[in-house]
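If you read the sequences in order, they're chains A and B.
Heads up, the first sequence is in my numbering, so the first residue is 79 and it goes up one at a time.
Heads up, the second sequence is in my numbering, so the first residue is 79 and it goes up one at a time.
What the hints contain is simulated information worked out from the structure, not anything from laboratory work.
Note that the coordinates shown come from a computational prediction; the quantities given were computed from them, not determined experimentally.
Don't be surprised by glycine CBs; every beta carbon is placed ideally from N, CA and C.
Treat the hints loosely; a few may be bogus.
[As the list claims (entries may be wrong)] Covered stretches of chain B (chain A as the covering partner; in silico rule of three or more C-beta atoms under 8 Å from a C-beta of chain A):
#1 133-139
#2 148-158
#3 204-215
#4 219-231
#5 324-334
#6 341-349
2 protein chains.
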Amino acid sequence: MIDASAAPLPAKRPVLLFACFGVNQELWLRWLRHHGPDIEIRVWPQIGLASEIDYVLAWEVPDGFWAQFGALKAIFSLGAGVERLLLDKDIPVGVEIVRMEDPSLEPAMAEYVLLHVLHHHRDMGRYAADQRQRLWRPAASPLASERTVGILGLGRLGRACAELLVTLGFDVRGWSRTANPMSGVTAFVGPGELDDFLSRCEVLVCTLALTPQTRGILDLALFRRLPKGALLINVGRGGHLNEPDLTTALDEGCLAGAVLDVLSAEPPPQDHPFWSDPRIAITPHISAPTRPQTAAQTVIAKIDRIERSAPVSGVVNRSQGY
Amino acid sequence: MIDASAAPLPAKRPVLLFACFGVNQELWLRWLRHHGPDIEIRVWPQIGLASEIDYVLAWEVPDGFWAQFGALKAIFSLGAGVERLLLDKDIPVGVEIVRMEDPSLEPAMAEYVLLHVLHHHRDMGRYAADQRQRLWRPAASPLASERTVGILGLGRLGRACAELLVTLGFDVRGWSRTANPMSGVTAFVGPGELDDFLSRCEVLVCTLALTPQTRGILDLALFRRLPKGALLINVGRGGHLNEPDLTTALDEGCLAGAVLDVLSAEPPPQDHPFWSDPRIAITPHISAPTRPQTAAQTVIAKIDRIERSAPVSGVVNRSQGY
């Protein structure tokens, strides 16, 4: 006979609040429950007793959202970029914010960047225009090794892009705030080496985090440092780009084109000039989508580690901004 | 004092005739002379005494061209495809025909194929159309591992494409006439396994040599074996494709699009329907251009080996057709 009184009291199950807007909620909940059967998952706005909530998985929450909770153990961002969370003054300074480290982000971002680098490298825009005019004008194209591609920002996503471009044989250079060396990539560090870095980038890829230091970094002064006819690929944040300056740079010819996966407003207003500019390709923030299946697994695994007082990766350095 | 009579008679310098039409002759001659200072290079039509000519580097020669020579040691094709040379009944059966093995062909071809696979994989055609309509419609995209790409033909160029696609994580399958296994690539061999091969190819890449067996292989019956909405990439030869069948397959929806770097006539006539079909992207035979600098070096190196009676790679098997 089992003596029930001898069994330990069941530990309180950790409580995760799902508070993400503009995502496929049903899919997320299915995967969170699949990977975390021992976690109680609540869905905003049915939060129950707010003081019982340990963790929040958040994306685009409304103003004032954070005021309602007790002592949270951590806040998980649904995306890799956390600039919105950091701007929210309601988040207590003691609560750790953890960025998304879904393992599918890096290959997806690298694919997207490579696709657009190759499109430019092999002059596909010109060939498409030729087809419309029934022109057959073959031209020699340089080897990948004869093309310089520069990556602004060598975080996880920037490094994944750089690695893949190196595999293809491109001449790759990277710029980062602090030294972050990579095999096969020419390194440039800090504001003092930015001009040198830019001077040979035939394609410039922005993968920076958005911080007060990087806001508006993609401006006319920077574009004028690039070799004439360069391509800009912005997969960072809309706030990195001075949008009117981009049009000026295209008009001046220092840029030949731009690929923008992020914009200052998403979606941009219907009268935004970029929609109809044939030199600019816009995509709706799809370069590196968080995938519920794998992302839910990383969030659950991190909760498990925090519950066991083990360290987790991806904790945001608030003073650094990423 | 040197006894001149004791010196060996100078060996006859090998004579190479350059007979290529529609290429940058000046550039080719510069590199041939650079790499082969000990070879006498003549340029058609200034051939001198035809019986002195040992080698011909040929591309798109006129009818009757081959009747004028004595015993040639080898004929070099300027391109990787040799189907035109093989159709020329004037070439004596005893003369070896050597295909171009410029080392820059493989990476260029793999780049081109990858570019178009990624463009389809990441739905860039739809996003470009959305931009023109000012629509912001982000959608999830599958992982590379969830996409099946099939390569028809696993010669040097097909293998280079397959390898790069495997590196990116795609599910790659290859079909070849005879077994030609590759790591990471699901192999299908011979006509009996063609239907099985086709049944899952969301992208079908044709890199076959053009032979009597492969002429017209890309026809409606084949397209109907593919999963609905597949993409065709033809980098083989125009003769592989039944062009009216392509339009039918696009109308039926078994194909969603096609990328054609080769056509039955190059350039196609001005009234060819493909020019204005938005589902078809045409490029002017630029997927894997022979580069004079490196290609001239391989030709000169092969002449050197033949002069020393050493075997050379790339000799065409005439009965096989490639």
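Results for each hint:
1. Using a Cβ-Cβ cut-off of 8 Å, 0 residues of the segment 133-139 of chain B lie near chain A, which falls short of the minimum of three, so the contact claim is violated.
2. Here the segment 148-158 of chain B counts 0 residues with a CB under 8 Å from a CB of chain A, which misses the bar of 3, and the coverage is violated.
3. For the segment 204-215 of chain B, the proposed coverage by chain A is satisfied: 8 residues have a C-beta within less than 8 Å of a C-beta in that chain, meeting the threshold of three.
4. Under a criterion of three residues with beta carbons nearer than 8 Å to beta carbons of chain A, the stated coverage of the segment 219-231 of chain B is upheld, 3 such residues being counted.
5. Coverage of the segment 324-334 of chain B by chain A is violated [criterion: at least 3 residues with CB-CB distance below 8 Å; count 0].
6. For a cut-off of 8 Å, the count of residues in the segment 341-349 of chain B with a CB near a CB of chain A stands at 4, and the three-residue condition holds.
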